[in-house]
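Number of protein chains: 2
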Amino acid sequence: MKTIVIHATVLTVNEKNEVLHDAAIAFENGVLTYVGPIPDSLSDYEEIINAQGRIVMPGLVNTHGHTAMSLLRGYADDLPLQEWLETKMWPLEAQFTAEHVRWGTSLSIIEMLKTGTTTFVDMYDHMDTVAELVAESGMRARLCRGVIGLCPPDVQTQKLEEASAFAAKWNGAAGGRITTMMSPHGAYTCPPDYIERIVARAYELDLPLHIHMSETEWEVQQNVDDYGSRPVEHLEKLGVFNRPTLVAHAVHLTDEELDIMQKYDVKVSHNPISNLKLGSGVARVPDMLAKGICVSLGTDSSASNNNLDLFEEMKMAALLHKGVRKDPVAVPATEALRMATIYGAEAIFMEDRIGSLEVGKQADFIVIDSKQVFFQPAHDPISHVVYAASGRDVKDVYVQGVQLVKDGQCLTMDETTVIEGANRMFATLEKK
Amino acid sequence: MKTIVIHATVLTVNEKNEVLHDAAIAFENGVLTYVGPIPDSLSDYEEIINAQGRIVMPGLVNTHGHTAMSLLRGYADDLPLQEWLETKMWPLEAQFTAEHVRWGTSLSIIEMLKTGTTTFVDMYDHMDTVAELVAESGMRARLCRGVIGLCPPDVQTQKLEEASAFAAKWNGAAGGRITTMMSPHGAYTCPPDYIERIVARAYELDLPLHIHMSETEWEVQQNVDDYGSRPVEHLEKLGVFNRPTLVAHAVHLTDEELDIMQKYDVKVSHNPISNLKLGSGVARVPDMLAKGICVSLGTDSSASNNNLDLFEEMKMAALLHKGVRKDPVAVPATEALRMATIYGAEAIFMEDRIGSLEVGKQADFIVIDSKQVFFQPAHDPISHVVYAASGRDVKDVYVQGVQLVKDGQCLTMDETTVIEGANRMFATLEKK
Chain A
313 MKTIVIHATV
323 LTVNEKNEVL
333 HDAAIAFENG
343 VLTYVGPIPD
353 SLSDYEEIIN
363 AQGRIVMPGL
373 VNTHGHTAMS
383 LLRGYADDLP
393 LQEWLETKMW
403 PLEAQFTAEH
413 VRWGTSLSII
423 EMLKTGTTTF
433 VDMYDHMDTV
443 AELVAESGMR
453 ARLCRGVIGL
463 CPPDVQTQKL
473 EEASAFAAKW
483 NGAAGGRITT
493 MMSPHGAYTC
503 PPDYIERIVA
513 RAYELDLPLH
523 IHMSETEWEV
533 QQNVDDYGSR
543 PVEHLEKLGV
553 FNRPTLVAHA
563 VHLTDEELDI
573 MQKYDVKVSH
583 NPISNLKLGS
593 GVARVPDMLA
603 KGICVSLGTD
613 SSASNNNLDL
623 FEEMKMAALL
633 HKGVRKDPVA
643 VPATEALRMA
653 TIYGAEAIFM
663 EDRIGSLEVG
673 KQADFIVIDS
683 KQVFFQPAHD
693 PISHVVYAAS
703 GRDVKDVYVQ
713 GVQLVKDGQC
723 LTMDETTVIE
733 GANRMFATLE
743 KK
Chain B
313 MKTIVIHATV
323 LTVNEKNEVL
333 HDAAIAFENG
343 VLTYVGPIPD
353 SLSDYEEIIN
363 AQGRIVMPGL
373 VNTHGHTAMS
383 LLRGYADDLP
393 LQEWLETKMW
403 PLEAQFTAEH
413 VRWGTSLSII
423 EMLKTGTTTF
433 VDMYDHMDTV
443 AELVAESGMR
453 ARLCRGVIGL
463 CPPDVQTQKL
473 EEASAFAAKW
483 NGAAGGRITT
493 MMSPHGAYTC
503 PPDYIERIVA
513 RAYELDLPLH
523 IHMSETEWEV
533 QQNVDDYGSR
543 PVEHLEKLGV
553 FNRPTLVAHA
563 VHLTDEELDI
573 MQKYDVKVSH
583 NPISNLKLGS
593 GVARVPDMLA
603 KGICVSLGTD
613 SSASNNNLDL
623 FEEMKMAALL
633 HKGVRKDPVA
643 VPATEALRMA
653 TIYGAEAIFM
663 EDRIGSLEVG
673 KQADFIVIDS
683 KQVFFQPAHD
693 PISHVVYAAS
703 GRDVKDVYVQ
713 GVQLVKDGQC
723 LTMDETTVIE
733 GANRMFATLE
743 KK
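Protein chains in written order, with our numbering: chain A, 313 to 744; chain B, 313 to 744.
Any given hint might turn out to be false.
Which copy is meant is left open, so a pair is good if it fits within one copy or across any two.
Dumping the calculated SDA-like pairs for lysine to any residue here, alpha-carbon to alpha-carbon at most 25 Å [as the list claims (entries may be wrong)]:
| hint | residue 1 | residue 2 |
| --- | --- | --- |
| 1 | K328 | A388 |
| 2 | K718 | R509 |
| 3 | K575 | M662 |
| 4 | K744 | F661 |
The hints are simulated quantities; they were obtained by calculation from the structure and are not laboratory data.
All chains should be built: construct the whole structure from the sequences, respecting the hints.
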């Protein structure tokens, strides 16, 4: 079917960041076929959607998270990091079955869709369940089984095989909506030789890598103590950066580490809200952007956020670095918008398919109700989207040209059932 | 009429921060008459409201702003502070008439009401217009004509008389919903003798004072250069703190200045989002709270935010200080909630009337739709309100027992008319 959306304010997020007023986008078979002024004739189109008073923009890309952990939203806040992990998160996560993952991830998928995220990265366990839910929901995702190597060699091997089998099985699945990565959890949770084995497997499968890196000062010091070098140099030595790599957090970095990341074109998932909430610190985002390092945005899990609204992450990225550096010019709105969209696509090596509204790209887009007070005066839609909007302002969401959210309601998953399931599974977990 | 709200999750924000599950609040003639378990008999009540699946909490208190400036939302972002002020804000504000204030403030009132703020502070010009709108809208406000003293003595006098006349006329108006303050704009915009005259007038009228203080390092240095002391000591010498005083921003403070503020019980309006956006810096909130200084929350204007959703301010206050201090225990959720409610009431000297849900207080409360995914698992409502909610989740708003917002729609002002008016008035402003 040929569909055209007309009378929209279109944020293309193309190379020039063009904003088109009273414009149109058209798509067919899930691919954008037109972006520009409203055509003189609409007779070619079988479906015509009037987006008067609405902003149409690329779906957001959430480049780091653990969706199952939405099951632990609000369970434990405001605790020192190690106490939070050791007495709260780990004991409950240890009880997670595929059924817990099913309902936690379902909760996350509905939340992300309703707040305008069309593509997400997930690093967790029971990933077949996650992939099945992505397929069912209509979303797009880059998935990886995150492996922790602090275990006997046979368990390491089993986890690696499981991660590889998952990655091979699902890459390109669900009409191309699902792609995969290989994921050593982190340098502090995987011995060097285990990381090397995972990198070798990424070569074999021709897949990128995703890893937590330099989230806390403790982790950096631990790396120095254990291996004699900071995490970036350590991972460089292990050959990680010879593969396309997305690192999450990247908070504590020296100038030399930034140089290495620039050299290897390492992609970054900046998670400002999680980094603040856990007391991890503030990443050097303006320095990364100045070096041309690709910085995208991630929510991390709902346990350290506590929601998956990427609009909040976008506003935070635009605000935080201005304030901390006392530089009101740092990370302007246009750059924050790119971090949430096209840089997100680049960070997961999919900029040829998603991240902007341009002919030939996938029809992954969201429609914002900009007739509300928050968007007045109707002056600068990029400013309003970054500084004034909330994910709750998203009304319609399309992925591959298929509508997944209509007037704020998810069409592909039943919200009531998912809420009931999530509460039921949370109740099964033994708390101390 | 006697009204009771039943089956609600009630965040009382009383001294113990009690959360009541499946509970009730009742009110009559605008005053809370009951807060507790659902009574056995409801036969006393003429109106019974079922709040099943909803959180009922005190209306939020926004303790610093310039509501008319919503007319400039998104007009100029991402500029150095002086350029922003001198080339963008001031030239346009100089063109503001009472009609501009009418539509800018109307936009702000609707936005605040819809996102759960029931009481706000406004410091601006054309304040009669603002007060009329507050009266019409049903909101509660503490208003002041902010005076800038960088002008000839006769103009200074004229402004002071205008501010005094406004304060005297409106204090206690609109059934007590409007109260007033006297407001020297700042130490860097008012000569010392002018500040002393304003303080004297505050004594005569028996009103508190509201002033910008120590927002930027530039301002502090300016004070040292001009008067030989930092702003806190300077204002202390001028007798400001002998009156009840609310200072906005309070970003750059020494330990000695904190001691002075503690000694005089100076109240603070913390505006974290505006401070970040303008590159002003990060206030020492944990240090203030540790000293027992009252820290409330303000949005500042939409020109430096760019919305008036106090839920965002609450989450930011809970996150920012954890991250910057690398201390995940700083400003816990319970404290952030209090900053947005009861501390806000204390900051404007109204804690006997508003800020918590307790018998005898005004029936200013909001109802949040907590059946949504963002509030699941339904475990810790305070955590969810602070870390997961958005002002967009507010469905119903009551002030003095009168419903002002119903299912997300403002009942007392017409949103379409206001949006049209705001855009019309924005268009009249000459931009360079």
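Tested hints:
1. K328 x A388: Between copies only: 19 Å across chains, 43 Å inside a chain, cut-off 25 Å.
2. K718 x R509: Neither way: K718 and R509 sit 45 Å apart in one copy and 59 Å across, limit 25 Å.
3. K575 x M662: within (20 Å within a copy, 59 Å between copies)
4. K744 x F661: So K744 and F661 fail the 25 Å test inside a copy (42 Å) and across (42 Å) alike.
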